[in-house]
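Student: So the chains spell out like this:
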Amino acid sequence: MNLLSTKGLSRSFGGLRAVSEVDFDLPTGQVRALIGPNGAGKTTFVGMLCGRIAASSGRVIFNGQDVTAIPAHQRIAMGMAYTFQITSIFGRLSLHENVALAMRRRGDLSDAAVDEAVTDALRHVGLADRAGSMGGDLSYGHQRLLEIAMGVAQRPKLLILDEPTQGLTDGEIGEFNQLIRSMTGNTTILLIEHNMDVVMATADYITVLNFGQILAEGAPAEIRASAAVQAAYLGKA
Amino acid sequence: MSARSKTLALHVGVILALLLLHFVLPTYHHGNLARIMVLSVYAMGFNLVFGYTGLLSLGHALFFAAGMYGSGLTIAHLGFGAEAAFLAGVVSAFIISAIVGALALRTAGVALMIVTLMFAQAGWYTILYFGEYTRGDEGFVIQRPDRVFWGIDLSDASNRYLVALLLFAATLIITLKFVESRFGRVLVAIRENEERARMLGYDIFRYKLGAVILSGTISGLAGASYGLLFGYVGATFATVQYSILPLLWVLLGGAGTVLGPLVGTAFMTYLIDKSSEYTAAYMIVAGVVLVLLTLFARQGIMGEVRRRFLPWLP
Amino acid sequence: MEFGPHLLLAILEGAVQAAVLTLTAVGLSLVFGVMRVVNVAHGEFYMLGAVLAWCVTSTLGGHPAIGFVAALIIAPLMVGLIAAAADIFILKRLEYEPKNTIVATIGMLYVIQQVTLIAYGPEARPVQAPFNQRISLPWFEFGDAGFALTWPWGFGTTTYKLAVIVAAVVVLIGLWNLMARSRLGLIMRATQLDREMAQAFGMPVEKVNAMVFGLGAALAALAGVLIVPIQQAHYLMGAEPLLLSFIVVIIGGLGSLAGTVLAAVVIGLSDGVISVFFSPTLAKILSTLFVALILVFRPQGLFGKRDL
Numbered sequence: 001m002n003l004l005s006t007k008g009l010s011r012s013f014g015g016l017r018a019v020s021e022v023d024f025d026l027p028t029g030q031v032r033a034l035i036g037p038n039g040a041g042k043t044t045f046v047g048m049l050c051g052r053i054a055a056s057s058g059r060v061i062f063n064g065q066d067v068t069a070i071p072a073h074q075r076i077a078m079g080m081a082y083t084f085q086i087t088s089i090f091g092r093l094s095l096h097e098n099v100a101l102a103m104r105r106r107g108d109l110s111d112a113a114v115d116e117a118v119t120d121a122l123r124h125v126g127l128a129d130r131a132g133s134m135g136g137d138l139s140y141g142h143q144r145l146l147e148i149a150m151g152v153a154q155r156p157k158l159l160i161l162d163e164p165t166q167g168l169t170d171g172e173i174g175e176f177n178q179l180i181r182s183m184t185g186n187t188t189i190l191l192i193e194h195n196m197d198v199v200m201a202t203a204d205y206i207t208v209l210n211f212g213q214i215l216a217e218g219a220p221a222e223i224r225a226s227a228a229v230q231a232a233y234l235g236k237a
Numbered sequence: 001m002s003a004r005s006k007t008l009a010l011h012v013g014v015i016l017a018l019l020l021l022h023f024v025l026p027t028y029h030h031g032n033l034a035r036i037m038v039l040s041v042y043a044m045g046f047n048l049v050f051g052y053t054g055l056l057s058l059g060h061a062l063f064f065a066a067g068m069y070g071s072g073l074t075i076a077h078l079g080f081g082a083e084a085a086f087l088a089g090v091v092s093a094f095i096i097s098a099i100v101g102a103l104a105l106r107t108a109g110v111a112l113m114i115v116t117l118m119f120a121q122a123g124w125y126t127i128l129y130f131g132e133y134t135r136g137d138e139g140f141v142i143q144r145p146d147r148v149f150w151g152i153d154l155s156d157a158s159n160r161y162l163v164a165l166l167l168f169a170a171t172l173i174i175t176l177k178f179v180e181s182r183f184g185r186v187l188v189a190i191r192e193n194e195e196r197a198r199m200l201g202y203d204i205f206r207y208k209l210g211a212v213i214l215s216g217t218i219s220g221l222a223g224a225s226y227g228l229l230f231g232y233v234g235a236t237f238a239t240v241q242y243s244i245l246p247l248l249w250v251l252l253g254g255a256g257t258v259l260g261p262l263v264g265t266a267f268m269t270y271l272i273d274k275s276s277e278y279t280a281a282y283m284i285v286a287g288v289v290l291v292l293l294t295l296f297a298r299q300g301i302m303g304e305v306r307r308r309f310l311p312w313l314p
Numbered sequence: 001m002e003f004g005p006h007l008l009l010a011i012l013e014g015a016v017q018a019a020v021l022t023l024t025a026v027g028l029s030l031v032f033g034v035m036r037v038v039n040v041a042h043g044e045f046y047m048l049g050a051v052l053a054w055c056v057t058s059t060l061g062g063h064p065a066i067g068f069v070a071a072l073i074i075a076p077l078m079v080g081l082i083a084a085a086a087d088i089f090i091l092k093r094l095e096y097e098p099k100n101t102i103v104a105t106i107g108m109l110y111v112i113q114q115v116t117l118i119a120y121g122p123e124a125r126p127v128q129a130p131f132n133q134r135i136s137l138p139w140f141e142f143g144d145a146g147f148a149l150t151w152p153w154g155f156g157t158t159t160y161k162l163a164v165i166v167a168a169v170v171v172l173i174g175l176w177n178l179m180a181r182s183r184l185g186l187i188m189r190a191t192q193l194d195r196e197m198a199q200a201f202g203m204p205v206e207k208v209n210a211m212v213f214g215l216g217a218a219l220a221a222l223a224g225v226l227i228v229p230i231q232q233a234h235y236l237m238g239a240e241p242l243l244l245s246f247i248v249v250i251i252g253g254l255g256s257l258a259g260t261v262l263a264a265v266v267i268g269l270s271d272g273v274i275s276v277f278f279s280p281t282l283a284k285i286l287s288t289l290f291v292a293l294i295l296v297f298r299p300q301g302l303f304g305k306r307d308l
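Residue numbers (the working numbering), protein chains in the order written: chain G, 1 to 237; chain Y, 1 to 314; chain E, 1 to 308.
If we strip away everything but chain G, and leave its shape as in the complex, we get (with noise of 0.2 Å):
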């Protein structure tokens, strides 16, 4: 079953097709890396699918529902959950909060209920001695770290990861590598992802965009195989 499918999802600026016709299907449970050179339109198809870029045609359906013209934040209270690609977090709050915010909007969790889960959420990124501290007084790598906690906080039934490990040390991405397959199962995971040894170690299946077009699908091999998206992409990476 499709946790997620756009049906010919289209995306103009001015006279430019950012994003074209796409047809794109999420099976539940998979952790899907979405590649493409600068400018292939990923960041507009990400936008339509969370929200916060009105599609110009086509449709997102979730879960079994058009969402097609249901604003952002009803989106993801319906089980998206969104990291930004330039970090995005409550900089003058506490980690603590940061993290409470995105799991109390659900409102099925007492105050005690929120406070341990913020806690292992925390945990679960290596953040939790430092959940007293400002979000704006963490390096880069931890914002980074403290961004997914919040998303992985909401319990989403897909969290859209865009491009995570830009910024972090190779250390860092260890770790985050670590992080991802620890959810697999759980979650579905839509990866925007420049760092191919990302991609190769943590997605079940790829694909690649390119010209605001799916260039290709395929499993991890089978796209590192493809002469098509090495023209395209990887060859120029």
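Derived from the structure by calculation, the hints contain no laboratory data.
Among the hints, a few may not be true.
[Said to hold, decoys possible] Restricting the straight-line Cα-Cα distance to at most 16 Å, the calculated cross-link-like pairs of lysine to aspartate or glutamate (EDC-like) are:
| no. | chain 1 | residue 1 | chain 2 | residue 2 |
| --- | --- | --- | --- | --- |
| 1 | E | K207 | E | E196 |
| 2 | Y | K177 | G | D111 |
| 3 | G | K7 | G | E21 |
| 4 | G | K157 | G | D170 |
| 5 | E | K99 | Y | E192 |
| 6 | G | K7 | G | D66 |
Use these hints to put chains Y and E onto chain G, whose structure you have.
Tutor: Quick look at chains Y and E alone, frame taken from chain G:
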């Protein structure tokens, strides 16, 4: 002591101190403090939108005046008793803040400031236009017999102080509870990073509207009480100056702190009071303080206290 | 007086208001368009212009024209310098952050207004116009004797009022040339279109800020000087033009100079006409509500293309 009990102790302490002052203050300061407490209620209402949600309204005088005229006009023309009139004032402010909020919150930033300013100006002109009923700039007096609330004569200085204190304490506790509630914390999240809050699934518009309505209703409550306690209703309270004053009080006291409004209102009232002894141009103090605050002390007094000494301060 | 002459008179009065309003609003619009600053103190620069005009004319004495010409130069210059200083010492240090900037200009409003109260006092004082001949205007009637010209009593205007209209047009043409031809104008236009892009092209965007803020204030001051022979100088006279300028700038489309001029003429004229026939308070209620609703439902203004 945990942060929670420290918070409780501090705020209960402030209320008790104000109660104690009732017995020791000389007449002049006693009357002044009663006024300051009512105006602090207004400032606390303003603070919910400005300090906690991060929205700058330049039109809160509309809500204050809605409360004041909602109660004053129903007494003067419909023969309401003080209790019903008070309720009428609060309800008027509730309705007007809901309408203004629903419209104005479709805009953001600079546009929001101007829209709220324009709505408030329209409200002020409306009061002037219906001068036949409102007596325009001159205003009207609420007679002493009309100021008896549940058998309490509000024109008596002692009653007035205690009622003002009761209103102040109630609002202080409500705002304290509110900013620590889940709803209040989302407002802070919106202030800090609106887009992130939206992408955590919060309906930003709904939260902002909730903040504006609560803030407007508290402002109206302050306006209704002011009219009943001090017996006067006038168009001055609807002018832009009365939209700027709560901004000044809250900025000075510390935006986004629960006690800031009281501190700022008290400081500013005395400052203006003192300077009006020397010059008719006493509003120059307001101007200078506003400029200096934006330049050198954006945290305000309690914000600075929180930063330096009491990080747990709500 | 009959309806026809009455209306024409209202339009003439409206045109004088429109001329002064246009200058004031263009100043506000320029500052917003280039600097993205909402200057709440703008009305006080207008007031300062009027008050300084009184100071200059009453100090110089002699023929009213001498003092007035001096005021036309000195008042806008001084106000412009004060504004430029305010930009350098206050707004620039706030890095033009919208909320702090607006709060600071509110503070400036009170400072300027109250300092004027201290230095100049609460009186309203007149300034004599440099020339002020009455012009009676004819009206035509179509009566029993056929078509006839009449000279209704009280129907006319003054040379000074006509001169105000001419002066406003001349200043606007000058401003237009400045914007279109000079390097400063080029920088201002580029900044208005796209601030980041202008900066990326190495334009000294930050440096022109003080100049733009000064120029905007000087325009308001000039309007104040022009109006003071018609309306006396008073320390609270800035509130009205501020509100009207806001209305004009918003309806005209924020930062759009052409839209601002168009809106100022329409509103100045209609304000003059409406307040002759209707209650000015009612007109103000409707216009402020109208402006609020425009910002809510059509933030780009009636004539503009871009929103806040």
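Student: Compare the structure with each hint and give your call.
Tutor: We went through each hint and held it up to the structure:
The straight-line distance between the Cα atoms of E/K207 and E/E196 is roughly 14 Å, inside the 16 Å bound, and the hint therefore holds. A C-alpha spacing of about 15 Å is found between Y/K177 and G/D111, which places the hinted pair at or below 16 Å, so the restraint holds. This hinted pair checks out: G/K7 and G/E21 have alpha carbons roughly 7 Å apart, not beyond 16 Å. At most 16 Å may separate the alpha-carbon atoms for a hinted pair to count; G/K157 and G/D170 exceed this at roughly 29 Å.
At most 16 Å may separate the alpha-carbon atoms for a hinted pair to count; E/K99 and Y/E192 meet this at roughly 14 Å. Using a Cα cut-off of 16 Å, the hinted pair G/K7 and G/D66 holds, with the two alpha carbons roughly 10 Å apart.
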